[in-house]
Each structure stands twice: as structure tokens, then as C-alpha cells.
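Peer 1: Sequence:
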Amino acid sequence: MQTLDLAGIGIGPFNLSLAALLAPVPGVRARFFERRPAFDWHPGMMLPGTRMQTSYLKDLATPVDPTSPYGFLSYLVEKGRFYRFVNADFPRVRRVEFADYLRWAAERVPNLGFGQGVRGVEFDGRGFRLSLGDGRAVAARHLAVATGMAPHVPPWAERHLGKQCWHSHGYMNAEFPVENRRVAIIGGGQSGAEIFLELMAGARGRAAEVTWITRRPNLDPLDETAFINEYFTPDYLRHFHRLPEGRRSALACSQKLTGDGVSPVTLQELSQYLYERDFLAGDAATPYRILPQREVYLMGREPGGFHLRMNNGFNHGEEAASADLVILATGYRYALPDCLAALTPALSLDPEGFPRLAEDYSAQWDGPPEHRIYMLNAGRNSHGVADAQLSLAAWRSAVIVNSVVGREVYATEPCPSPLTWAGTQPGGRCESQPAARLCSS
Numbered sequence: 001m002q003t004l005d006l007a008g009i010g011i012g013p014f015n016l017s018l019a020a021l022l023a024p025v026p027g028v029r030a031r032f033f034e035r036r037p038a039f040d041w042h043p044g045m046m047l048p049g050t051r052m053q054t055s056y057l058k059d060l061a062t063p064v065d066p067t068s069p070y071g072f073l074s075y076l077v078e079k080g081r082f083y084r085f086v087n088a089d090f091p092r093v094r095r096v097e098f099a100d101y102l103r104w105a106a107e108r109v110p111n112l113g114f115g116q117g118v119r120g121v122e123f124d125g126r127g128f129r130l131s132l133g134d135g136r137a138v139a140a141r142h143l144a145v146a147t148g149m150a151p152h153v154p155p156w157a158e159r160h161l162g163k164q165c166w167h168s169h170g171y172m173n174a175e176f177p178v179e180n181r182r183v184a185i186i187g188g189g190q191s192g193a194e195i196f197l198e199l200m201a202g203a204r205g206r207a208a209e210v211t212w213i214t215r216r217p218n219l220d221p222l223d224e225t226a227f228i229n230e231y232f233t234p235d236y237l238r239h240f241h242r243l244p245e246g247r248r249s250a251l252a253c254s255q256k257l258t259g260d261g262v263s264p265v266t267l268q269e270l271s272q273y274l275y276e277r278d279f280l281a282g283d284a285a286t287p288y289r290i291l292p293q294r295e296v297y298l299m300g301r302e303p304g305g306f307h308l309r310m311n312n313g314f315n316h317g318e319e320a321a322s323a324d325l326v327i328l329a330t331g332y333r334y335a336l337p338d339c340l341a342a343l344t345p346a347l348s349l350d351p352e353g354f355p356r357l358a359e360d361y362s363a364q365w366d367g368p369p370e371h372r373i374y375m376l377n378a379g380r381n382s383h384g385v386a387d388a389q390l391s392l393a394a395w396r397s398a399v400i401v402n403s404v405v406g407r408e409v410y411a412t413e414p415c416p417s418p419l420t421w422a423g424t425q426p427g428g429r430c431e432s433q434p435a436a437r438l439c440s441s
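In our numbering, the protein residues as written are 1 to 441.
Hints are not guaranteed to be accurate.
Claimed, not checked - Simulated DEER-style distance windows between Cβ atoms:
| hint | residue 1 | residue 2 | range |
| --- | --- | --- | --- |
| 1 | A341 | A411 | 36 to 44 angstroms |
| 2 | P37 | A174 | 14 to 22 angstroms |
| 3 | A411 | G313 | 28 to 36 angstroms |
| 4 | D283 | P155 | 33 to 41 angstroms |
| 5 | R81 | D366 | 37 to 45 angstroms |
| 6 | G162 | P91 | 35 to 43 angstroms |
Because the hints were derived from the structure by calculation, they are not lab data.
All residues carry an ideal CB built from backbone N, CA and C; glycine is no exception.
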């Protein structure tokens with residue numbers, strides 16, 4: 001059995017980026033495994049008209065290798081859309097187009113194995129042994145685990161999941177008529193806003209009432225201003241990683257709205273829609289309530305639907321609401337994949353259950369250091385809030401490629417920020433940096 005240099009578990013955007021940057025590197029044997037039959041990015045939240053919150057230039061490869069054939073601009077050129085795209089001057093790419101780009105790349109990047117799920121992974125002293133769903137086994141020196149986040153379902157809702165209560169990650173795939181039914185949306189982020197707008201517009205029929213509940217103080221905007229975006233740069237990440245563990249966790253929590261707010265464009269669209277609905281639509285408008293600063297703590301059955309109990313953080317009162325359908329736009333949580341069960345006791349985890357990661361994204365574990373487990377989308381507490389976003393996906397992949405190969409294939413040393421994060425030396429100006437080193441050099 002041939003031993004791979006790297007075996008990837010899961011093929012979402014993050015491992016797809018890693019595979020794309022590994023593709024031109026000579027002499028590296030890598031293969032990525034995915035149980036799904038084909039690439040499909042968030043199909044359950046591909047609502048019509050929704051846009052990306054990240055620049056299209058922060059794609060699978062461009063930030064570290066603008067010559068890569070797997071970048072978004074290459075996709076536009078091959079599709080014959082480049083000039084039309086530039087002339088349209090989109091402020092943000094539509095989500096459906098970026099999903100199509102990712103699918104396009106997945107059809108071209110080599111060494112991807114779809115329909116090949118990993119059932120389990122063991123370490124036999126000489127390397128990792130992966131058991132695949134079809135009964136085959138694969139050996140590898142290193143692992144790259146990028147299985148994504150799991151939908152977060154609040155404890156009070158777990159036993160009610162079913163045809164009348166579900167998580168937003170499957171919203172577009174769920175069949176549910178809302179005609180003359182009361183709908184409650186729980187969660188005040190981007191997903192909650194998009195679902196609220198679609199239901200109010202009558203995309204699934206005219207609801208009897210739409211109630212939107214969030215524990216946030218308001219419909220808080222995504223903060224994507226220039227200096228806030230410095231959190232999403234390699235320079236900040238390097239400084240963040242050098243902080244004590246407890247300090248990193250606290251900082252990540254305080255920066256929540258840099259990646260988990262409602263985009264200002266969506267908030268403007270919502271405000272304009274509600275103005276027209278409240279003053280111009282007449283009796284045909286769907287009744288609604290938006291309830292900020294409410295913490296739901298109890299959900300119970302009632303005839304035909306559910307009742308919700310919540311605390312009002314504004315006046316410290318207790319309130320109730322009823323709904324026939326409940327949609328949980330409550331985000332996602334990190335969880336180690338089941339296939340790593342045999343390795344989990346050897347992993348060092350922080351108090352929140354995140355693996356402790358070195359600067360090159362390799363996990364601290366009890367095994368030999370020459371065999372590494374790279375964890376993607378698992379580093380919120382080690383590498384900051386940017387870890388779950390696309391912003392630094394290509395840069396992180398380049399760091400991992402360099403670590404696997406043992407030399408600098410891609411230039412990853414960041415230019416300093418205009419903000420001085422630590423020490424007193426001035427930042428800002430960047431000395432000349434080498435371009436990404438071609439693999440043949």
C-alpha cells in the first residue's frame with residue numbers, strides 16, 4: 001500500500017484550497033476524501049439574490065498565487081464572463097456564482113475523491129491508516145482535517161427537531177408551506193436576516209405572522225471597515241497566535257461582529273422593505289415582529305405548534321411567543337469528526353473543545369512530531385476569528401503546504417499592518433517581498 005504524504009478528510013472550500021495549492025508541487029503525494037458524491041457548498045442556504053461578505057479575490061489560491069489556474073478570475077475567463085463581470089461592477093459577488101466557481105474548481109483540481117468517506121483513522125506507529133467507506137485502507141504521513149462546523153441546536157430545541165422545527169443550514173432543501181401559519185426565526189445573524197426577508201416577501205406563501213427573535217441587543221451590522229479588516233490579515237494572525245491561550249479566547253469572543261453580523265447592504269434592504277411594507281403595502285402585508293435582546297430558554301408543544309419562553313434583556317421582563325414553525329438560525333459549533341474517535345484521546349484540547357494548534361495549524365498531540373494532523377476551521381482560539389472565514393483560506397493553505405514539503409513553496413511572510421499590535425516599533429511599510437515561488441524553481 002503506497003503511503004501518501006498527506007491525506008485530506010473532507011472537501012469543502014478549505015481543503016479544496018489546500019488541494020489546489022498542492023496540485024502543482026512536484027513529488028508530493030496527496031489525496032482528499034469526501035463522502036458526498038460531488039462538491040456542493042451550503043446548498044441549504046443558497047437563497048436567491050444573496051451575496052458574499054468576502055471579496056472574490058480572497059478565493060482558493062489568488063492571495064498567495066495569482067497565477068494559479070484555480071482562481072476566481074480564471075473561472076471568469078474560462079466562462080467567457082470576464083468583461084461582463086468587470087463592467088457590471090458588483091460590490092460583492094452573488095453567493096450562487098461563488099458556489100459555482102468552487103464547484104468548477106473541484107472538477108479541475110486533481111487528487112479529489114468524492115463518494116469516498118472516511119470511516120475511521122488510526123495511528124499504527126509508522127503513520128496514519130484511514131479506513132474508507134468502501135472497505136479500502138489508505139496510509140498517510142500527515143492528515144488535513146477540514147470537515148466543517150456542525151449546526152448548533154440550542155438544548156431547549158433538540159427534542160423538537162422535525163418537520164416543524166429545523167436548523168437553517170437546510171432551509172432551501174426543506175419543504176414547508178407557510179401559508180396562514182405563524183413562523184418564528186431564532187437568531188440575529190446574516191442567515192436569520194435572509195430568511196426573514198424571504199418569508200416576508202411571500203416566497204413560500206403568505207404567513208399569518210413572522211416573528212424574528214435574537215438575543216443580540218439589536219440587528220447588529222457586520223463590521224467590515226478598513227481597520228477592522230486588519231483582523232483578517234496574516235500579520236494580525238501571527239501576533240494573535242503568540243498571545244496566551246486565555247487572552248486569545250477572550251479576544252475572539254469580543255470580535256464576533258467582524259464575521260458574524262448582518263451585512264450593511266442586507267440591513268439597508270431590510271429597512272427599506274419594512275418601510276414600504278408598513279406604509280405602502282396596505283392590508284396585504286404579512287404581520288411581523290422583530291424582538292431583539294430576547295434569550296429563549298424554553299420551548300414546548302402546544303396544539304398545532306410550539307410556545308417559546310424568553311427573557312427580555314432590555315427590561316428584564318419575561319415574555320412568550322407562539323409559532324407553528326420554528327427555524328433555528330443559531331449558527332454552528334466546532335466538533336471533532338467521528339472518524340477521529342481513535343485519535344481524540346491523543347489530541348490536546350482547550351477548555352472549549354478546540355484543538356490546540358501550532359502556528360502551521362498542526363495539532364498538539366501525543367504522537368511523534370514527524371507525523372502531523374493539520375486542522376482547518378478549528379483554530380478560532382489559536383488563530384483568531386478569521387479562521388472560519390474565506391479571507392485567509394489560501395494563505396493558511398500555503399502555510400500548510402510549506403510545512404508538509406519542508407521548504408518555502410509559497411511566500412507567506414506578511415507585510416506589517418499600519419497598526420502596531422505589540423511592541424513599539426512602527427509598522428506599515430513593507431520591505432520588498434519575493435513573489436510566490438514557483439514549484440519548479
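Peer 1: Now tell me if each hint is right for this structure.
Peer 2: Quick rundown of the hints versus the structure:
no.: 1; hint: A341 with A411: 36 to 44 angstroms; result: 38 angstroms, holds
no.: 2; hint: P37 with A174: 14 to 22 angstroms; result: 21 angstroms, holds
no.: 3; hint: A411 with G313: 28 to 36 angstroms; result: 47 angstroms, violated
no.: 4; hint: D283 with P155: 33 to 41 angstroms; result: 40 angstroms, holds
no.: 5; hint: R81 with D366: 37 to 45 angstroms; result: 50 angstroms, violated
no.: 6; hint: G162 with P91: 35 to 43 angstroms; result: 39 angstroms, holds
Hint compliance for this structure: hints 3 and 5 are not met, and every other hint is.
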